[in-house]
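Trainee: One-letter residues, chain by chain:
There are 2 protein chains.
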Amino acid sequence: MIRANPNYSKIQANYLFAEIAARVKACQAEKPSARLIRLGIGDVTQPLPAACVEALERASAEMGAAETFRGYGPDYGYAFLREAIAKNDFETRGCDISPDEIFVSDGAKCDTGNFQEMFDSSARIAVPDPVYPVYVDSNVMAGRTGAAAKSGRYEGIVYLECNEENGFVPAPPKTPADVAYLCFPNNPTGAVASREQLAAWVEWARTNDALILFDAAYEAFIREEGVPHSIYEIPGAKEVAVEFRSFSKTAGFTGTRCGYCVVPAQCRAFDSAGARIPLQTLWKRRQSTKFNGVAYPVQRAAEAALSAEGRAQCKALVDGYLANAAIVASRLERHGLKCTGAKNSPYVWFDCGMDSWEFFDKVLRNAEVVVTPGVGFGSNGAGFIRISAFNSRENVEEAMDRIEKILG
Amino acid sequence: MIRANPNYSKIQANYLFAEIAARVKACQAEKPSARLIRLGIGDVTQPLPAACVEALERASAEMGAAETFRGYGPDYGYAFLREAIAKNDFETRGCDISPDEIFVSDGAKCDTGNFQEMFDSSARIAVPDPVYPVYVDSNVMAGRTGAAAKSGRYEGIVYLECNEENGFVPAPPKTPADVAYLCFPNNPTGAVASREQLAAWVEWARTNDALILFDAAYEAFIREEGVPHSIYEIPGAKEVAVEFRSFSKTAGFTGTRCGYCVVPAQCRAFDSAGARIPLQTLWKRRQSTKFNGVAYPVQRAAEAALSAEGRAQCKALVDGYLANAAIVASRLERHGLKCTGAKNSPYVWFDCGMDSWEFFDKVLRNAEVVVTPGVGFGSNGAGFIRISAFNSRENVEEAMDRIEKILG
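Same order as they appear, the protein sequences are chains A and B.
If you use this note's numbering, the first sequence closes out at 737, no skipped numbers anywhere.
If you use this note's numbering, the second sequence closes out at 737, no skipped numbers anywhere.
Treat each hint with caution, since some may be false.
Note that the list lumps identical chains together, so a pair holds whenever it fits in one copy or between two copies.
[To be verified] Using 25 angstroms as the maximum straight-line C-alpha spacing, the simulated DSS-like pairs for lysine-lysine come out as follows: (1) Lys613 to Lys354; (2) Lys339 to Lys613; (3) Lys667 to Lys613; (4) Lys354 to Lys734; (5) Lys619 to Lys354; (6) Lys619 to Lys360; (7) Lys691 to Lys339; (8) Lys644 to Lys416; (9) Lys667 to Lys691; (10) Lys503 to Lys619; (11) Lys691 to Lys619; (12) Lys644 to Lys479; (13) Lys360 to Lys339; (14) Lys644 to Lys734; (15) Lys503 to Lys479.
Since the hints were derived computationally from the structure, they do not count as laboratory data.
Generate the whole structure from the sequences, applying the supplied hints.
Mentor: Written as structure tokens, this is what we have:
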């Protein structure tokens with residue numbers, strides 16, 4: 330008899346964005362004339378940079394000619410892209426990451442969801458609360474947790490409290506843990522970690538033979554001097570940290586699909602006897618067995634995003650979203666709402682003074698604006714709201730006009 | 330301490346194609362002037378159909394304009410593609426598969442590798458021998474097997490013997506098993522299953538509360554009347570079978586990346602109490618948690634492959650490879666070598682009369698042609714060779730001229 334994976338039944342209710350979609354659909358059915366503005370899901374709205382479009386078109390044409398057609402690409406990504414990434418994303422920040430430590434994928438969601446396959450089923454996972462749900466759900470599905478309590482927290486996970494007191498940047502846990510998921514600039518709070526804070530995490534991982542999974546998908550939004558862009562800016566990180574990056578928010582690739590992860594040669598796990606095992610060997614095996622690379626035209630588009638022209642276009646794109654975020658934050662602050670994020674992040678996170686879903690429904694029904702209830706990211710998000718700056722300037726301004734009317 | 334997944338260390342030596350690549354590289358280093366012809370890996374060589382290139386280019390341009398830009402697509406694929414698939418790949422064959430039973434992905438390798446996540450860790454897996462290595466390796470990595478014996482066979486797997494006696498089409502096992510991986514037209518043998526043979530499998534799955542994972546990636550190569558193209562041509566299959574398809578071999582998408590799987594609404598697994606659980610619900614949860622859809626331009630290109638124009642172009646492409654396969658088989662048969670495949674498959678499979686790797690090395694060194702050693706697909710492949718028809722006519726003819734010289 331074919332038994333289903335029993336861990337799937339532990340997963341809490343609906344995935345956050347599915348629940349939002351259902352409520353939005355119900356509202357639209359009731360008010361078909363409403364012109365909804367979406368500042369909920371973190372999806373970009375501006376077109377791809379011209380350099381990327383040109384590269385996509387050129388590579389598409391190449392696929393139609395016998396001399397330039399490409400079949401299976403290298404499992405870990407084309408050298409042209411891995412080299413461009415090493416040079417632009419790491420060498421410029423003084424990080425010693427070589428192209429063969431970079432693994433191209435179809436996005437950071439897949440990579441952060443898949444990476445837990447490298448770990449023993451007994452690995453103790455530490456996650457921030459609030460958190461991007463994929464880190465938790467992928468481990469629940471793999472059987473690394475018990476059941477969920479009423480709070481939504483799973484037995485067996487070490488939760489890292491993020492709150493206004495610590496500026497939503499958790500310190501390493503006192504409870505034992507083997508792997509910590511960190512994300513800076515953070516989704517959902519928009520908080521960034523300082524060099525000292527990240528150094529404390531690297532020290533924790535080195536001391537405890539633990540591993541850091543560092544999600545830097547929003548790195549392109551960092552504008553303040555002194556904020557680390559990569560975990561590898563911290564000495565000693567290469568042994569204890571894997572980093573995830575994405576072209577989704579940097580270059581508008583949410584519908585084009587490209588990301589990568591960095592697994593340094595010296596990054597290690599341990600076998601049952603306590604001997605070191607290079608994680609890179611395991612990840613190579615995983616990717617060559619279960620993945621077949623990213624479309625050639627998409628890899629060419631990602632390469633173009635890293636050209637001089639592409640970098641300038643991406644910066645303009647990100648600048649536009651950052652300016653939107655600043656507008657959102659300044660409008661909310663007028664009403665005494667203290668905001669996190671916005672400065673180095675497309676997200677604005679604030680305490681809405683009531684239940685998250687109550688505020689969500691109020692804004693949906695009365696302002697016809699979609700935001701994200703903070704409680705969907707964890708119990709510490711209760712009473713918080715995340716507003717995304719991914720929209721046109723005009724829509725952001727109109728949405729904030731409407732929201733301000735409600736705030737009174 | 331972060332422990333590695335201990336199951337990775339059970340995996341046998343090198344992945345077949347990595348070992349071939351290493352031997353080819355060594356040969357090239359010794360004989361730099363050799364003009365190698367590759368009939369090894371199953372990678373297409375002809376350019377994408379014109380309809381697909383046009384669709385890729387058009388969609389790329391759409392991504393560059395604000396009015397037509399697309400961000401995150403639906404997790405399970407755009408409706409335009411799911412509808413085109415339901416109509417062209419199933420309705421035409423009399424199969425009742427609706428668009429919402431179709432899940433678009435970046436390829437059948439990923440889907441066949443990922444689908445085992447739906448099963449309990451105790452599920453007993455049945456695989457043919459010889460077999461496409463991904464089915465086995467993904468289950469080894471998930472801990473569903475013991476160690477490998479000297480033969481390369483893993484403890485805990487039910488092996489389905491495929492040999493000349495049964496025409497490389499195995500009957501359902503007498504040993505208990507919960508899931509069977511089947512692939513027709515087969516990779517590596519090129520064998521196809523008759524309606525009666527598939528009906529026996531569906532009957533087995535229904536009787537034993539088991540599941541069939543049916544890989545139909547080579548469906549487009551079927552030319553003989555009466556050979557089923559889909560497992561859903563067999564009555565009762567929707568409850569007990571998941572089907573995997575790909576645009577890789579049909580439309581030359583190995584470097585463009587698109588496939589899909591079919592998980593019918595009534596397809597079931599069972600919980601620990603023996604109650605039915607719809608596999609579709611689990612797969613939706615898996616995909617929405619760990620996958621973010623396929624690039625929009627790629628989905629448009631796949632849709633174009635299913636248009637009237639695209640279908641004609643794909644057929645011409647596949648016809649060309651089939652004609653190559655017929656040449657390979659007829660040339661080998663001149664030397665008394667009995668071939669399987671070629672008729673409804675791009676692969677030709679034959680007993681080479683010596684050790685597989687010995688023949689591989691002989692052909693590589695003396696004919697400068699790359700083939701695939703059958704033993705790489707399992708112990709029943711020992712002494713066999715797979716030749717792939719994926720190359721230009723000219724190269725296939727020259728390769729066979731060279732091989733015939735060796736055969737004498």
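Trainee: With reference to the structure, classify each hint as holding or not holding.
Mentor: Consistency of the hints with the structure:
| no. | hint | result |
| --- | --- | --- |
| 1 | Lys613 to Lys354 | between (42 angstroms within a copy, 19 angstroms between copies) |
| 2 | Lys339 to Lys613 | between (30 angstroms within a copy, 15 angstroms between copies) |
| 3 | Lys667 to Lys613 | neither (45 angstroms within a copy, 38 angstroms between copies) |
| 4 | Lys354 to Lys734 | within (23 angstroms within a copy, 69 angstroms between copies) |
| 5 | Lys619 to Lys354 | between (36 angstroms within a copy, 24 angstroms between copies) |
| 6 | Lys619 to Lys360 | neither (45 angstroms within a copy, 33 angstroms between copies) |
| 7 | Lys691 to Lys339 | neither (30 angstroms within a copy, 55 angstroms between copies) |
| 8 | Lys644 to Lys416 | within (17 angstroms within a copy, 43 angstroms between copies) |
| 9 | Lys667 to Lys691 | within (19 angstroms within a copy, 74 angstroms between copies) |
| 10 | Lys503 to Lys619 | neither (36 angstroms within a copy, 30 angstroms between copies) |
| 11 | Lys691 to Lys619 | neither (44 angstroms within a copy, 31 angstroms between copies) |
| 12 | Lys644 to Lys479 | neither (43 angstroms within a copy, 56 angstroms between copies) |
| 13 | Lys360 to Lys339 | neither (35 angstroms within a copy, 58 angstroms between copies) |
| 14 | Lys644 to Lys734 | neither (33 angstroms within a copy, 61 angstroms between copies) |
| 15 | Lys503 to Lys479 | within (24 angstroms within a copy, 46 angstroms between copies) |
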